[in-house]
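Trainee: Each chain is listed here by its residues.
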Amino acid sequence: MPIRKAVLVSIFAAVAAAGAARAQTKEVEVVHWWTSGGEAAALNVLKENLQKQGYVWKDNPIAGGSGVQAMTVLRARVTSGNIPTAVQMLGFDIQDWAEQGMLADLTPLATKENWAAVVPESLQKFSKYQGKWIAAPVNVHSTNWIWANKAVMDKIGAKPPTNWDELVAVLDKAKAAGVTALAHGGQPWQDATLFDSVVLTTGGPDFYKKTMIDLDQASLSSPTMKTVFERMAKLRTYVDSNFAGRDWNLASAMVIKGDAAMQIMGDWAKGEFIGAGKKPDQDFLCFRFPGTQGAVTFNSDQFVMFKVGADRQQGQNALASATMDPAFQSSFNVVKGSVPARTDVSDAAFDACGKKAMADLKEAVAKNAFMGSMAHGHANRAAVKNAMYDVITRHFNGQLPTDQAVKELAAAVKAAS
Amino acid sequence: MRAGGALGWLQQALPKLVLAPSFAAVLLFVYGFILWTIYLSFTRSRLLPVYELAGFDAYERLWLQPNWWRAVNNIAIFGSLYIFICIALGLLLAILLDQKIRGEGFLRPVYLYPMAVSFIVTGTAWKWFLNPGLGVEKTMQAWGFSWFHFDWLINPDMAIYTIVIAGVWQASGFCMAMFLAGLRGVDSDVMKAAQIDGAGAFSLYRRIVIPQLRPVFLSAFIVLAHMAIKSYDLVIALTGGGPGNATELPSTFMYSYTFTRNQMAVGAASAVIMLMTICAIIVPYLYSELREKSA
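Just so you know, the protein sequences line up as chains A and B, in that order. For the first sequence, the positions run 922 to 1338 when this note's numbering is used. For the second sequence, the positions run -9 to 285 when this note's numbering is used.
Just so you know, not all the hints are guaranteed correct.
Unchecked claim - According to the in silico footprint, chain A covers these stretches of chain B (three or more CB under 8 Å from chain A):
#, segment
1, 141 to 148
2, 156 to 168
3, 232 to 239
To be verified - Just some of the chain B residues that point at chain A, by a computed CB distance under 7 Å:
#, residue
4, Leu37
5, Leu38
6, Trp118
7, Pro122
8, Gly123
These aren't lab readings, by the way, just hints derived from the structure by calculation. Ideal placement from N, C-alpha and C gives every residue a C-beta, glycine not left out.
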């Protein structure tokens, strides 16, 4: 009997303790996948801001660069009713969750702080659902960048190319000089990242919108799309034979070490260069994919707010407000390699590439050429995106001839949408 | 009787009491979730489970996916080669080890130990080993064999066979152990009698030993078949499903459709098809085996 009593008492104690922990209302729990050193340090700015306001920051990082693992964890947690305060999320995932009726309404706060005036409209498409704010955008990454090793470029006597033909000429020179012309990792999303830029340079922003965002069947099967696939095949010839399955940061390392001339990758690649102690314009060059100057394909990390009890809403609002704070937007994005989601943040703290990126973003917004990246889930939903991936990656790996790839792309999109 | 009643009752009930929790857990977490998956496959679940029935919609969509056809095609190649080579190699190794050779105690664990390595480690090790820029091809070329090429890992037509290589490397030693145990169980008197009758080593094994190993073949087949169908970590570590999606298997398909492509119903449908495939292979086999024994 005494033993059973002791067991019972300890169980009650444990339950009570758990209850007490849950009753801790001044707590914000954030699920994210910013686990690299710089990212974690950048997030600290937000953490300190909230701690000053008296909140307890409960960090819940889930390793895995693409966020796939985090989304799996999130699904399990939401299904079991253990809902976090905020979750880092990308693109159409936000809309999918909103559709399930799971997300909080941030509109009162957004109206008070006038987010609508400073957040670009293409970005609002993801932060809002049916006219209500559901997420606070943290940053804007753009995907149509090229990162080049300056020493290699100087050695082969090449300047940053400004159109497709010049790009091919530079790549040919690099190949002739015996370095890998294009550092690339053979994973479907990386192939698709190239595809984003090639579509944009081949058909221009309007064509990009028609094919990648509006999924217009006629444009998807047009001769322009055939040119896109031909150019993808051309790019394939500049990649070393050993690219299959390589991670993107290993491809960046090839450029950093001078084994490769350039890499086509989003601006998170800058973090690798900076981390290796390289300086923009001195050791490496950043320029827009030739022919896409003035246009930006983006993806954007956002803090999505889930519906929580009234006791936790205050913390949620404080977190959303702190996320939109210009000081946080600046200091976080300086480290992350991306640019602020607000267009009114000063570029003083940013390096040369960051300043260029912020100017490009403003120009693209003004020219209506600020568009969601297909490769990073900001042009269409996961089903369509993955259907495109399948065709692009099979073509890039030589499993699909160009003519057939054009047909299959249109068919796959139709089947998935 | 009364005095021993409590003790007797305990003795009788103890096995049931001990087994009850794990029985309940298996019932819920294996069979319960099988039923749940089957139910989900008849819904229109996408991001999260929904419970409104939608008929065979998910199955229709599943069989319309070119990816699924590739996965089915790949599992046919991988499964048949993996099972056949593992059994053949395991049997051969076992027969060779059974020749009363010196150092058997040392050789046995050498062959068996790959099984102790997880698939994820096997996959990563073989990824480096087979990578043309790092592993065997580079080494051979550095040694002066410049004609040597082995780039199956990055060749979309051959990549599925590299998975067979890594899988066989890991599991054939395990098969060997099973066959060796079986060989040791063969009645030595029968073998001696056959030898006296003048049977050579080859016909001795073909006519007398191997037919007696039938139950071992069955166990090996069942173990290997389910390992082939559930092999997920090996593919993820070795090729990530690539190059392109040349090494997509039903297991990788199921995971990506359920968890990353927001098509939970289609993923559930693919899981049900996988279950049905295993049943279709194993149930008739078990049935014929068990009927033979009772006859």
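Trainee: Quick one, is the B/Trp118 hint okay against chain A at 7 Å, beta carbons?
Mentor: Cβ of B/Trp118 sits 11 Å from chain A, so the hint is violated.
Trainee: Hint validation: B/Pro122 versus chain A, beta carbon distance must be below 7 Å. Holds or violated?
Mentor: Holds, because the Cβ-Cβ distance from B/Pro122 to chain A comes to roughly 6 Å (cut-off 7 Å).
Trainee: Holds or violated: B/Gly123 as interface residue toward chain A, Cβ cutoff 7 Å?
Mentor: This hint holds: B/Gly123 lies near chain A, its Cβ roughly 4 Å from the closest one there, short of 7 Å.
Trainee: Taking 7 Å as the limit, does the beta-carbon of B/Leu38 come near enough to a beta-carbon in chain A?
Mentor: holds, 6 Å
Trainee: Can B/Leu37 be said to touch chain A, with a Cβ gap under 7 Å?
Mentor: holds, 5 Å
Trainee: Are there three or more residues in the segment 156 to 168 of chain B whose C-beta lies within less than 8 Å of some C-beta in chain A?
Mentor: violated (count 0)
Trainee: Would you say the segment 141 to 148 of chain B counts as covered by chain A, given the rule of at least 3 residues with C-beta under 8 Å?
Mentor: n = 4 at 8 Å, threshold three: holds.
Trainee: Count the residues of the segment 232 to 239 of chain B with a beta-carbon closer than 8 Å to any beta-carbon of chain A: does the count reach three?
Mentor: It holds, with 5 qualifying residues against the three required.
Figure legend: structure checked against the earlier numbered hints; hints not met, in rising order: 2 and 6.
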